[in-house]
Structures are given as structure tokens and as C-alpha cells.
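Asker: Residue strings, one per chain:
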Amino acid sequence: MINFLANPLRFKKFAKVAAPIFGVLALFLISGGLYFGLYNSPEDQLQGHSVRIMYVHVPAVWTGMAAYAGMAFSSLLAYIWRHPLSDELARTLALPGAAFTALGLITGALWGKTSWGTYWQWDGRMTSTLILLFLFIGYMAVWASIDDKRRAARIAGLVAMVGSINLPIIKFSVDWWNTLHQTSSVSMPNAPGLPSSILLPLMLMAFGYTFFLGWLVLNKMLNKIANAKTQRKRSAAASTSLEAL
Amino acid sequence: MDFIPDFGKYNFYVWTCYGISIAILLAFTVHTLLQNSNRPK
Numbered sequence: 001m002i003n004f005l006a007n008p009l010r011f012k013k014f015a016k017v018a019a020p021i022f023g024v025l026a027l028f029l030i031s032g033g034l035y036f037g038l039y040n041s042p043e044d045q046l047q048g049h050s051v052r053i054m055y056v057h058v059p060a061v062w063t064g065m066a067a068y069a070g071m072a073f074s075s076l077l078a079y080i081w082r083h084p085l086s087d088e089l090a091r092t093l094a095l096p097g098a099a100f101t102a103l104g105l106i107t108g109a110l111w112g113k114t115s116w117g118t119y120w121q122w123d124g125r126m127t128s129t130l131i132l133l134f135l136f137i138g139y140m141a142v143w144a145s146i147d148d149k150r151r152a153a154r155i156a157g158l159v160a161m162v163g164s165i166n167l168p169i170i171k172f173s174v175d176w177w178n179t180l181h182q183t184s185s186v187s188m189p190n191a192p193g194l195p196s197s198i199l200l201p202l203m204l205m206a207f208g209y210t211f212f213l214g215w216l217v218l219n220k221m222l223n224k225i226a227n228a229k230t231q232r233k234r235s236a237a238a239s240t241s242l243e244a245l
Numbered sequence: 001m002d003f004i005p006d007f008g009k010y011n012f013y014v015w016t017c018y019g020i021s022i023a024i025l026l027a028f029t030v031h032t033l034l035q036n037s038n039r040p041k
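In order, the protein sequences belong to chains D and P. The working numbering numbers the first residue of the first sequence as 1 and each following residue consecutively. The working numbering numbers the first residue of the second sequence as 1 and each following residue consecutively.
I should point out that these hints are in silico values taken from the structure, not numbers from a laboratory. Among these hints, one or two may not hold up.
Said to hold, decoys possible - Residues from chain D that face chain P, not an exhaustive set, calculated with beta carbons under 8 Å:
| hint | residue |
| --- | --- |
| 1 | F36 |
| 2 | Y39 |
| 3 | R52 |
| 4 | I53 |
| 5 | V58 |
| 6 | L105 |
| 7 | T114 |
| 8 | L130 |
| 9 | I169 |
| 10 | T210 |
| 11 | N219 |
| 12 | R234 |
Stated by the list, open to error - Within a straight-line C-alpha distance of at most 16 Å, the following computed EDC-like cross-link-like pairs (lysine to aspartate or glutamate) qualify:
| hint | chain 1 | residue 1 | chain 2 | residue 2 |
| --- | --- | --- | --- | --- |
| 13 | D | K12 | D | E43 |
| 14 | P | K9 | D | D123 |
| 15 | P | K9 | D | D44 |
| 16 | D | K113 | D | D123 |
Unchecked claim - Just the calculated beta-carbon pair ranges, DEER-fashion:
| hint | chain 1 | residue 1 | chain 2 | residue 2 | range |
| --- | --- | --- | --- | --- | --- |
| 17 | P | A23 | D | T118 | 21 to 31 Å |
| 18 | D | R234 | P | P5 | 52 to 62 Å |
| 19 | D | K233 | P | P5 | 29 to 39 Å |
| 20 | P | L26 | D | D148 | 34 to 44 Å |
| 21 | D | S235 | P | F3 | 20 to 30 Å |
Remember, it's a predicted structure, so these values are computed and weren't measured experimentally. Note that the Cβ used here is the ideal one computed from N, Cα and C, for glycine as well.
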């Protein structure tokens with residue numbers, strides 16, 4: 001699958017089919033999540049209506065982490081096969097990933113204020129998520145500050161791969177250290193610790209955000225491929241006209 | 001069912017979170033659709 005999509009033409013064909021499907025799925029899932037999250041889910045016995053913040057907070061952080069994992073994996077593929085599409089994919093994931101992480105931090109701070117009485121605490125989960133945001137910003141800063149794009153890709157890829165050590169730290173921070181943040185409520189090997197009325201909007205939003213990220217990235221990749229093709233045509237036309245002189 | 005439900009003492013916090021989330025999703029959507037409309041054929 002990875003080798004299949006490494007070819008820009010095949011990637012373009014795949015993206016042209018997948019992007020609209022991802023877009024429609026994101027629209028339906030997020031609309032459903034917002035409907036259930038705002039209108040059709042119960043108050044929590046302890047947290048009251050503030051539990052509704054979870055439906056936008058948790059999926060935002062999950063999507064930010066997924067974007068970083070994709071960025072690091074794509075950078076690894078670029079290091080192994082040196083394929084420019086992998087670097088471009090990693091680069092494309094950075095801005096939405098940073099936005100989702102920032103969204104998770106902001107909504108988390110607001111939720112924290114209602115639950116714990118404070119917007120911020122320098123505990124393991126919050127600090128490691130803030131570091132994730134800084135890693136995204138650092139990754140984008142490397143691309144923006146180095147003119148030689150090959151060199152920028154090498155260094156930014158290294159930042160992405162080394163920074164991926166932060167992902168398990170975020171996941172297990174609530175188990176390793178004493179923290180204000182609650183432990184995992186949804187854990188894959190075990191049965192979900194949440195009732196279905198709460199799990200439904202949470203999962204709708206989580207899958208909705210993921211498909212939204214997919215839609216976003218595929219469209220931006222299609223735009224980059226189309227722009228690169230136009231630039232190549234212009235350069236070829238310019239060199240032909242120079243030869244004619 | 002109210003169009004804009006009242007969440008009592010958590011009203012500000014809940015609506016701020018949903019407002020920022022929807023604004024970010026819309027901003028990315030509009031930006032991407034604008035880029036798509038200018039995409040070279």
C-alpha cells in the first residue's frame with residue numbers, strides 16, 4: 001500500500017476518490033457528534049453539563065496525536081526511501097496537527113477550570129501535550145527557516161521522529177505520575193468505562209475529526225502535486241524559449 | 001429542545017469550547033475549499 005501510494009500519479013488517483021468520501025463522512029460524523037453532544041446526551045452526575053466539553057476536547061487531542069504519529073511515520077518513510085511525497089505529507093500534517101493540539105489544550109483548560117478550579121497545572125498530561133504543540137511549531141519553524149528544502153526535510157524529519165517519543169509519554173503520563181488529569185476512560189484492550197450515551201458523541205466526534213484531517217490532508221496534497229506540475233511546465237517552457245533565443 | 005440550550009453555570013465554558021472548535025474546523029474548510037478552487041487543472 002505504501003509503495004503503491006509512493007507514486008504521485010497513483011496517489012493523485014487515490015486522493016481524488018478518497019477525499020470526497022472522507023469529507024462527506026467527516027460532515028455527517030461531526031454533525032451527529034455536535035447534535036448528540038449539545039442536544040441529546042445526559043448531564044454527568046458529578047460534572048453536570050461541563051461533561052459536554054469532553055466531546056470536543058478528547059477528539060481534538062487524539063487527532064493532534066494521530067497527526068504527529070502520521071508526521072513521524074511519514075518522515076521515517078522519507079528517510080528510508082527518500083521519496084518527496086512522504087516529506088510533503090509530513091509537512092502537510094503539521095499545521096492541522098498543531099491546530100488540533102492547541103484546540104485540545106484550550107478546551108482542556110476551560111474544562112479544567114470547571115472541574116478542578118484551575119485552567120492549568122504543570123502535571124504530566126498537560127505538560128507533555130504542551131510539548132507536543134511545541135514540537136509541531138518547531139517542525140514548522142525548521143521548514144520555514146531553511147531555504148534548501150532537501151536539508152529542511154532532513155532536519156524537520158529528524159525533529160518529527162525524535163519527538164515521537166512524546167506520544168507514549170502523553171498516553172501513559174496519567175498512569176506514571178500523580179496528576180489532576182483523570183486516567184484513561186476509553187481503553188482499547190478493556191471494555192469502555194463510559195456509558196453508551198456519552199461514548200456515542202465522543203466516538204462520532206473522534207472519527208469525524210479523523211476523517212476531517214484526512215480530507216484536509218488529501219486536498220492539500222492534491223493542490224501541492226498540481227502546483228508542482230504547473231511549476232515544472234513553466235520551467236520547461238522557460239528553458240525552451242531560452243534555447244530558441 | 002432549544003436551538004441554543006442553556007447549560008446553566010457551565011454555559012460560558014461549554015459554548016466557548018464548541019465555538020472555538022467549530023471556528024477552527026470552518027477556517028480550515030474555507031481555506032482548503034479556496035485553495036481547491038484555485039488549483040491548476
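Asker: Each hint should be assessed against the structure and marked as holding or not.
Answerer: Results for each hint:
| no. | hint | in the structure |
| --- | --- | --- |
| 1 | F36 | violated, 12 Å |
| 2 | Y39 | holds, 6 Å |
| 3 | R52 | holds, 5 Å |
| 4 | I53 | holds, 5 Å |
| 5 | V58 | violated, 11 Å |
| 6 | L105 | violated, 11 Å |
| 7 | T114 | holds, 5 Å |
| 8 | L130 | violated, 17 Å |
| 9 | I169 | violated, 25 Å |
| 10 | T210 | violated, 13 Å |
| 11 | N219 | holds, 5 Å |
| 12 | R234 | violated, 10 Å |
| 13 | D/K12 / D/E43 | violated, 45 Å |
| 14 | P/K9 / D/D123 | violated, 27 Å |
| 15 | P/K9 / D/D44 | holds, 14 Å |
| 16 | D/K113 / D/D123 | holds, 15 Å |
| 17 | P/A23 / D/T118: 21 to 31 Å | holds, 25 Å |
| 18 | D/R234 / P/P5: 52 to 62 Å | holds, 54 Å |
| 19 | D/K233 / P/P5: 29 to 39 Å | violated, 54 Å |
| 20 | P/L26 / D/D148: 34 to 44 Å | holds, 36 Å |
| 21 | D/S235 / P/F3: 20 to 30 Å | violated, 54 Å |
Checked against the numbered hints given earlier, this structure breaks hints 1, 5, 6, 8, 9, 10, 12, 13, 14, 19, 21; the rest are met.
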